[in-house]
Structures are given as C-alpha cells and as structure tokens.
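Protein chains: 2
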Amino acid sequence: MVGKRQTKKEDLKARLIVACTELIREQGLKNLRARDIAERAGAALGGLYTVFDDLDGLILHVNSGTLKQLENTLNTAISPSAAIEETFLSLSLAYLRFALAERNLWSALFEHRMPEGVSVPEWHLAEHAFLIGLIAAPLARHMPDASRQDVAIRARTFFAAVHGVISLSLEGRFVGITPEVLEREITVLAGILARSRS
Amino acid sequence: MVGKRQTKKEDLKARLIVACTELIREQGLKNLRARDIAERAGAALGGLYTVFDDLDGLILHVNSGTLKQLENTLNTAISPSAAIEETFLSLSLAYLRFALAERNLWSALFEHRMPEGVSVPEWHLAEHAFLIGLIAAPLARHMPDASRQDVAIRARTFFAAVHGVISLSLEGRFVGITPEVLEREITVLAGILARSRS
DNA sequence: CTCATTTTTGAACGTTGTTCATTTTTAACT
DNA sequence: AGTTAAAAATGAACAACGTTCAAAAATGAG
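Protein sequences, first through last, are from chains B and W. The numbering used here runs 83 ahead of the 1-based position in the first sequence. The numbering used here runs 83 ahead of the 1-based position in the second sequence.
It is worth saying that the hints were derived from the structure and are not from the lab. Bear in mind the structure is a predicted one, so any value in this text is a computation, not a measurement. If a hint is listed, it holds; no wrong ones were tucked in.
When chains are identical, the list treats them as one kind, so a pair holds in a single copy or across two.
Computed list of lysine-lysine pairs in DSS-like fashion (alpha-carbon distance at most 30 Å, straight line):
1) Lys96 to Lys113
2) Lys151 to Lys113
3) Lys92 to Lys113
Assemble the whole structure, with the sequences as input and the hints as a guide.
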C-alpha cells in the first residue's frame, strides 16, 4: 500500500496542474499568479514550491497536458491512408481549430520562456515530436530519395509555416483578418505545401 | 527658437530609447528592468514615466526603431524589376540574417505583449505594413485576377509562413537545427511559395 | 500513546513597475 | 537682475510579484 504522504503529494500536484491549466485557459499566461493558483488548488502558497521548483516547472506540466490534448485532436483528424493533400489540409484545419478553441492554452505553448540560461528540459522538448511525425509520414512518400532526417526537417519547416500563419493572426499583429479568411489562407497554404516539389 | 523645456524632454526621450534598445539587444526583453534603463540613460527612475505612460510605451518605440532598421535592410536586399523567385528568396534570406544578427531586438518585435485589454496602438500596427507591401508588389504580378486586398492577405500569409520557420527555429523549440540547414529550408520554402499557384 | 520526522503553512524577504510629495529648473514679467 | 509661478526631475515609498523559511501541523514507527 502506498503511504498517505506520497498520496497527498501526488494529489496536490494534480490539483495544482488543474488549477494552473484553468487559470491559463481563462486569463492567459501573462495574468497567471502563483497566489491565484494556490488559492484555486486549495493549497497554501508555499505548497506550490514543495511540488515544483518554480512556476516555470508547473507551466511546463500544463503545456505538457496541452500537447497531449493537441496530439489526440490531430490524431483523430486524419486517416493514415489518405493522400498528402487531404492529410495536410485536415491537419492544418484541425490545428487552427484547436488554437481557436483553446487560444490561451495554445498560446502558452509558444509564449512561455525559460529564465535566462535555463533551457527547456529534454523530456518536454521530446513531447513536441509527434507534431513532426504526423507530417513526416505522408511527406516521406513524396520525398522517396530523402533521408529520414531530411524528411523530418522538411516536416518541421511545413509545420512552422502553417503555425506561423495562425500564430501571427491570433496574436493580432498586423491588421487582423476574419476567421473565415484565415481558414481560407490556411487551406491555400496547406495545398501549396502538399503539392510542392523542391 | 525651441524652448529649453522641450529640448530637454526630447533629449531624455531619445536617451531612454537608446538605453532601452541597447539593453534589449544585450539581454533580451525578458531581462529588461526599468531601473537599468534609467541608470543607463543617466536619468532618475521617475523620469521614465514623465516621457512614457509605462514600460510598454517605451518598448513600443524601441520596436518602432527596429522595424525601421528592418525596413532599410529589406529594401536594399531587393531590386524592383527582379523575378518573383529572386525577390522572395532575397527577402527571406535578408529577413533571416536580420533576425540572426539582431536576435533579441527582432524577438522583442513578436514577444512583446500589451497588458490585458490594452491593444497595440494604431500608429505602431501601421508600421508593419511595409513588410506586406514588399511581398505584395511582386506577388500582384502573379495574381492578376485578385483584388488588391486579396494580394495583401496572401502576402501576409507568405510572410507569416517564412516568419514561422525562422521564429520556431530561433526560439529553440523542437530539436534545434543548424544555421546552414535553416538557410536551406528558408530557401526551399521561398521557392515553393514563389512558384505556387492557388 | 509517544515523539522524531516529514509536510504544510503563511508571514517575511527581495525585486519588480509605478506613483507622488518634494526639490530643482525654467522662463515670463517687472 | 530679481521675482515668481509653472514645469520638470528626483528618488523614497507603495503595492504586487515570485520565492523562502521558521514555525506549526500531520504522519507513522515503536
């Protein structure tokens, strides 16, 4: 049997992650406060620092959960046998809709920065890999002479391109465009990339 | 003749912008401190708030200067009569090199967020327009049936795509790639976009 | 039940951005 | 030049933040 000590600690950790996720979802990463998290989790302020090194550690776990959500969403949006045009289109639109539906959680994935000198831990970097894999699979069939690594790099490029369009739109930089136009542009870009030959 | 009052105020404003620019360039937006800016500008802490509403106002002016620098760099990178492939390639590579050379100032352009509820002032949003214009000019020749606005939207999409690739790389998300590979990927993407027909 | 150990707590600390009463500077007017 | 009201500069003080830590509460082995 697991001791009451460890049980309570894991419970606190889970409550903190839930509270932090909700607060980021509701108010965005920039308005996140350690005191708000502790209060919503029903814990003392100091408790947060008995589970995580600092706020960044907690945010990393929230982002980890968001990535898992995103992975599920994207996985159910595609069928492995579909043509590359259809797969790119489905992935891009599913990504766009996820970003729109969970704007703050999605933004936190890319807005969050580690403090000076500290880099993102390896276990969290690795969690991004599925995004590349999703694109690399159909792309490999279009790059039969390329190495596995080159396909992965190209997949990363294509993801970053679509991500950039969505990101710059939702950030409200430049003059804003309507969601309908954004969806159209994403559709066009996904088509261009799917049909491309370098 | 202009009064000593106004002269000194403008001088203070200029010194603050220079100091803030240098500090962002050296240490990045995240490590920017109001006290450091005032000290480097040779001013009292409170002086900052007699010229700008808050730190965000000052950062906006720094970003304004960075955009002007970027505009000069990109303008000298292209020739108006060149083919679209060459123009897209030159612009993309010049943009990449600017981002690499002034990484922190360039990052600040996109990392900076206004406080809750406050939106970026119109005069600063308008300063981004040249980026779209640079791409829209050659693109219009490839979209003869499209309206001026549709061309601008597509130009924005293409910029965002290239920007996304550079942005995600320099942020160090996912597994990093070397500058050479990044340059290759940017070259490939610029070619794909230049040759695209939707 | 006892009590040494672990966990939880929230007051306190150092560091932020911002404000404001005070001092200093400016320039219009005798 | 001297006077003085207005403007500007100053830096101590304030509120709010992330983080720490001495003290209190909870735990579980004997």
